[in-house]
Every structure is written in C-alpha cells, then in structure tokens.
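S.K.: Chain by chain, the residues:
There are 2 protein chains.
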Amino acid sequence: MQKIEVKIPSCPKNSYTIAVGDEFLPAVLGQIKKLLPGKELFLITDANIAKTKHLKKLTGLCNLYRYVITPAGEKSKNINTVTKIVEQMEKKALGRDCAVIALGGGTVGDIAGFVAAIYKRGVPVVQIPTTTVAQADSAIGGKTGVDSSISKNAFGVFKNPTAVYIDVSTLKTLDDKQFNAGLVESIKHALIADKDYFDYLQKNLSGILARKSQPLEYIAVKNCRIKASVVENDPYEKNKRRILNYGHTIGHTVESASNYKLLHGQAVAIGIIAANIIEQKLGLGGEERLASLKKLFGRLDISLKVPKSITKRQILDIISRDKKAVQKWPRFVLLEKTGKVLCKNGQFALQVERKIVEETIDILLNRNL
Amino acid sequence: MQKIEVKIPSCPKNSYTIAVGDEFLPAVLGQIKKLLPGKELFLITDANIAKTKHLKKLTGLCNLYRYVITPAGEKSKNINTVTKIVEQMEKKALGRDCAVIALGGGTVGDIAGFVAAIYKRGVPVVQIPTTTVAQADSAIGGKTGVDSSISKNAFGVFKNPTAVYIDVSTLKTLDDKQFNAGLVESIKHALIADKDYFDYLQKNLSGILARKSQPLEYIAVKNCRIKASVVENDPYEKNKRRILNYGHTIGHTVESASNYKLLHGQAVAIGIIAANIIEQKLGLGGEERLASLKKLFGRLDISLKVPKSITKRQILDIISRDKKAVQKWPRFVLLEKTGKVLCKNGQFALQVERKIVEETIDILLNRNL
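Protein chains in written order, with the working numbering: chain A, 1182 to 1550; chain B, 1182 to 1550.
Errors might be hidden in some of the hints.
Note that identical chains are pooled: a pair holds if it fits in a single copy or bridges any two copies.
[Said to hold, decoys possible] Quick list of in silico lysine-lysine cross-link-like pairs, DSS-like style, CA-CA up to 25 Å: (1) Lys-1194 - Lys-1421; (2) Lys-1194 - Lys-1419; (3) Lys-1486 - Lys-1184; (4) Lys-1256 - Lys-1505; (5) Lys-1214 - Lys-1184.
Everything labelled a hint here was simulated from the structure, so no lab data went into it.
Fair warning: this is a prediction, and the values are worked out from it, not measured in the lab.
Model the full structure from these sequences, guided by the hints.
M.R.: In structure tokens form, the structure reads like this:
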C-alpha cells in the first residue's frame, strides 16, 4: 500500500468588524460596496422587514436583487426556503463573485448565512440584524443553519460574516413580544460573563423597554463584546463557546416540543430557570439569583409556564437528540456564580445525572413557576 | 458609531492521508476506528455498490448505520437526497460526535461530503472511492456538492476528508463505459501537469483497460500526487486550482445541456477537445496533441459527438451561469504545451473572446469530430 499526504494549508488569522450605532442604515450599502468591491449583491430579507422603512433606508435608490422570505419566522427556516433562494440566485445568473446581505432577525440571518456558505461552495455574507435576539446573538459568531422536520439547525455550517452592521433604530418597529423575548439573550450574556452587566440590566430595564437609543447601544456593544470574546477563543464550539448555550439545552428542547409556538427567548428563559434549578439541586446555590430572574422575566412579561401539550417523554426524546449530545445525553452549562460559568477539569459543558434533569423537568411541567 | 473587532483565529496547518492499494478493503474499518476513536459511524453508499461484495468487505461483521442512495447516479445528486440522509441520521439520534463514511463513486462522495459538512454544522468524512473518476478526482481535494434543477453543484462547500482509502480492486466490478469515462480525468491530469504521464497512459492503456492491479495502482498514485500538489497550493480555488478545470468549462455545459445523459467523463472529453480547438485558434499549437487525444478517446470508446438535441443557444445560456464566471462569462484553462498550463500575468484561468468560443461551439455542434 502506498500513502500520499495531502497538506491543508493553515488559514491566516482574520477578523471582521461589528459597527454599532443609531440611524446609520442609509450609509451601510456604500460601506459594503467599499468592503466588497465588484461583488454583485443579493439581499435576503423577510416579509416583516419588507413592510418597514428599513429596507428602503438600506437600499436607497439601488434596485438590489433580492429574496423576501415569506412568511417571516421560524416556519420558513427550512431547506425548501434555502432551495428557493439558491434557485432565485441562479436565475439571476449570480456567480461565485456575488455576496449576500442579510437584513432581518435571527431567521433571516441563519438562512442567509447558510445560503452564502453553500452557494456554489461559498460566497461572502454581511449581516444586518434588526431584532434584539439577532443583534445580541445570532448575527455574531458565524453559526448558521436551517431546521429539519426533526430538529433545529439540523442543516448548518460555521460561516463568519464579512461584516456586521447593528443599527439600533431598527428595533423600534419590533413588536413588544419579540423585543422583550430577544432581551433574554442579553440576560444570558450577563449571567455567564459579567455581574455588573446583570446589575445594569436590572437597573436600566425601563429605559431599554422604552427603546431609548443610549441603553440600546450600550447593551448592543456589551453583548457583542461578550460574545466576541467567547467565540474568538473557540470558534467551532469545542469547549468554551458552549457557555453561550447557557439555558439553551432545555430551552431548545421546550421550543422544539412546542412546535415553535414558544418564541426562542421565552424558551431560553424557561431553560435559564431550569439551569438555575439544576444548580441549586447540585448545591451550587443561587437562590437569590433565581428570585431576581423570575422578577426580571416578569417585568419582560415572559411567561415561564411550559405549554400544557408538552409531555415529559417528548422532552426526554428531544433532549437525547441534542446536537452536542455525547452518547445521546446532553451536557449542561451551569453557573458557579452570577457572571461566572462553572468549569470542571477544563470543561464548560458538564454531565448532569439523568435523575436531576428529570426532577427539574418535573418542576417545569408542574407549571408553578 | 462604535466598532467591535471579532478575531477569527488562524486554523493550524493540517493534512490527511490517501492510502492506495489492492484488496485491502477488509482492513479499512479498523483503520477508520483508530483514526476517529469513539465516533459513531454512518455509511453512505448507493444501490450499485450495495449489489457488489465491496460493501460486505468493508463492513465485515459490523452492522453500521447506513443510507443507500437509490437510484445510483447523478439523478439522485440533489438536495432531496441530502434531506433524506440528514433525517435518517437524526432518526438514529446521531450527534455531532458521529462521522460519515462514503463508499462509492463521485455521486456518493459528493453527496456524503456535503452531508458531513452541513450535518449539525459539520462532522468528519472518510472517502472510499470505488470508480475511476472518484479515485482520480472527486474523492480528493474537498469539493462537495449537489445539483439544483438549474446547475451542477449549485449547493456545495469545501470539506476536506479525514482520510481517503483507494482500493483499486473495487474498480473490477465497474461496467466498461463508467470505467473508461473515468479515465478521462487521468488524461486531464497528464495534460495539465506531466507529459511523461501522458506518454505512460498512451503506452499502457491496454493493461489499464484489462484492469491489471499494477497499472491501476500506478495511475491512482499519479493522479493523487498531481491533484494533491495542486489543491495544497490553492485549496479554495482562487487561482491555480482552476487548472483542474481543464476541459470542464465546456464539459460541464455539455453535460448539463444533455440533461446528464452524457457521462461526466464523456462530457469532459468533449470539453478537452474544445479546449484544444481554442488553443489552436489562439495560435498555441498542439495539432499533434489533438490527434493523439482523438485516438486515445477512440481507444476508450468515447464518442466526441454532442447529442443532436443540444442547441448553441442552450450552451451559451448555461455557460454564462458557470460557477466561476466573472460578469457572466467563464474563464478558460488552456495548455501552453502537453504537461503545462498557460499562465498569463499569474492567472491560470483566462479570458477568451466570445467569438472564438462561439466558433468552437459551432465546430462541436457540426459533429465532425
């Protein structure tokens, strides 16, 4: 037998910039054209954004090729939508020298990022997130994907954007429910990385809820800094990046079991409460934090009640299919204290025995939260 | 406006090994298990391979999870097949700690590589190519993809395999037409990189066609070395890797216009002839080479006649959608001499004026070759 070694060259250290500001959307297209000279641009947005003035502000007089995801939301986040977009791009005869712009919330960003990653083996993507959840979380860090009929982001890749533009004025057209649910990711960032930020959120919640520019810019920058510092260390989620999954193991499960009737943020709020219950069961303390969190979620008008239709069996079945499961049982991210994740033997995602998880699910399903 | 810089860490230089030999399939699974300890393995193969003894030789007594692509061939190379495989993997509750094994020809390798690249944001893939075309070309270098209704590999990514195992004994069950068509990629390698290899192929064709182990191993190693040396320098096809596309610009177009009734190798043979005609029109010479090529393709029983149903308009339409088109017109790889690609100003894919390409298409459509 003969052996041939094929070298894969190292890729150089690289970076991208997140610009955060208020009311600067009309300047963004010019900046993108400078950043990606000669690229034909293809815009992906959704039916919600198409109704707002954000789209017009971004495109100005340019008649960009575009695809409007209809209906907006998780229901369209599947491979059929990806196929339709790819075929639309092909019909416009776009080559590998095109680039994708994503204008919208998490669904738009996830779909557009995935399309860019797989279109003719990859073209650049620029993310312009317009929701609290996308600005805090999904537009940064390169996770993209679409759901299968069985699980969330079953199809996906890591695809870093070429640039991210966060204009907090886009948040002003968001309905209250979406706006508030997206703030759960900010709370998560504070919990895993920064106690002062947790205090800030509690103290400044009314300004945030009134959608004042100053606190909105403050939290956008804070979220990006926290998320960036995590993903820089572990872009492919081998270990430390998992801390961003705080509250998401049970959160994703409940979201999926509800057939996506729960908003992502609401599901993650339930997941964060679940993580806090597990922490207490493991003797890690945090009674005061659990009380503050319930109060905070209350102020956001987020119900912590798991929908009645969801059964324990369903939750246990879905949890065994977790993307990050090892031998069909997920690992959990837990807090050592507010602002710090528990790390054991260098690992940030930890085994929790089944009994404790099951007891926690029982508490959630009792709906006394 | 505030700016946050997100660093993307450099990825370390890496490599994978291609093992080439005869009759070593029964040892491969053990080697994969050593290479990927603890990974749950998922085998992707097709209906043709399932009928041969190769599958049994590989799996032995192990009852691997598997998906058999049915029907075998280009018709199944689409996103529906990918979706079915992903859902099958999910039903087996495979997490991100699984790995994919591709046993089969180019279609199996392309589909399986793409599935591995996008399954839960990426799992490893091991390629075990069983056809002349896959052993010479598609299993090496990390190109994966599936076709849309409009073009070839419209969906795709670059995904390097973790290992490649080439057992030339698998070629013995291949039908003559497939076997011969796959040798066109060997001829292409010789043309772009190694005149001695071109002479070897002409001299040893009868041994190859008799499927003797010695020349089959020789050409497998030669093909891998040539392809590896190209992809190592330019894994993402920014420039030099394009030389592997010699004959493929017109080749892919004719293949697509025939609705994949032409075998890939036959289409590339037509594309190689087209490239030689363009070379002569540009005064690059090569009259002798064109004669040798016609003779060689004749010995392989490969018809150079473009199917009657294909029109010039169709070809020009498809060519404008070429993945590597710049402003809707493809670049061409051309030979300076046998074994050496023409390089102009550091570029290996060159502009050719439309008139010359159209005249060449006219010659092909006259069907006098």
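S.K.: For a quick check of understanding: which of the numbered hints are violated here, in increasing order?
M.R.: Number 3 only.
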